[in-house]
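The lines below spell out each chain.
Protein chains: 2
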Amino acid sequence: MTASSDEYFMKQALKEAQIAFEKDEVPVGAVIVCNNMIISRAHNLTERLNDVTAHAEMQAFTAASDSLGGKYLNECTLYVTLEPCIMCSGAAFWTQLGKIVYGASDSKRGFRKLPENILHPKTKIVSGVLEKECVALLKEFFRDKR
Amino acid sequence: MTASSDEYFMKQALKEAQIAFEKDEVPVGAVIVCNNMIISRAHNLTERLNDVTAHAEMQAFTAASDSLGGKYLNECTLYVTLEPCIMCSGAAFWTQLGKIVYGASDSKRGFRKLPENILHPKTKIVSGVLEKECVALLKEFFRDKR
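Top line first, the protein sequences correspond to chains A and B. Here our numbering is used: the first residue of the first sequence is 1, the next is one more, and so on. Here our numbering is used: the first residue of the second sequence is 1, the next is one more, and so on.
If you are wondering where the hints come from, they were derived from the structure by calculation, not from laboratory data. Hints are supplied without guarantee of correctness; some may be wrong.
Just so you know, same-sequence chains aren't split out, so a pair can sit in one copy or run between any two.
Only pairs whose alpha carbons sit at most 27 Å apart, straight line, appear in this in silico DSS-like list of lysine-lysine [what the hints assert, rightly or not]: (1) 108 with 124; (2) 23 with 71; (3) 15 with 108; (4) 11 with 23.
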């Protein structure tokens, strides 16, 4: 996997975020990649489903496990437009996720604000991929809300 | 809410844990109570659903929000037989949960092992309700697995 493939898959996550935006959801999108193939796609649906657990990542984990027929995602990479929150990172731990690649940072609710790594010790982390685009979409969403 | 009502509702959570046990799932059960009424019941289904996000608490949050027609559970109490993990506590934060009552402690994956409170600042915590019964069921499950 190269930097350019990271950008390719993040663009796919951004497409999901755009769909969330159009549904008036906080625009966060995610895809999960295994062997260079996208095995799940999801976007935030907390308002539509009236359910705080319906973050893009949670749905992507559920769909990826379903696709693979196994609970563990140790050979998979999660691409997500925003740094995962504590709930989603706790779920990532249980999946033994291979790698997380995120775009925008979330200093308020992101998992990296904690003084301890809550991911699985084997999970690699890459941040800031297409950060500008990911941040821009979130800013546009919250600007419209004011 | 008195100690005896805490015990009453924990017994209901234990009934759910028993159902999980009978399905060969790690026996954790949960109920959510609002205005002294149970509005959702769930038990761990991670094996059956092949999904790490299918903890009792997560399903109980989703069902409770559905029952109330709102995402926020600030007037609700979660009764759960085992101390919630980081994922479930992260979800509890998003629901702005009023209170958590749990039975057995989980020193390995429970949220209290973290140096920082990850719950909503308004969430009250009660621990050790029917602890012996909750621990006994878990021990029985893992003894049978050896």
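Cross-check of the supplied hints:
| no. | hint | in the structure |
| --- | --- | --- |
| 1 | 108 with 124 | both (21 Å within a copy, 22 Å between copies) |
| 2 | 23 with 71 | between (30 Å within a copy, 17 Å between copies) |
| 3 | 15 with 108 | within (24 Å within a copy, 38 Å between copies) |
| 4 | 11 with 23 | within (19 Å within a copy, 41 Å between copies) |
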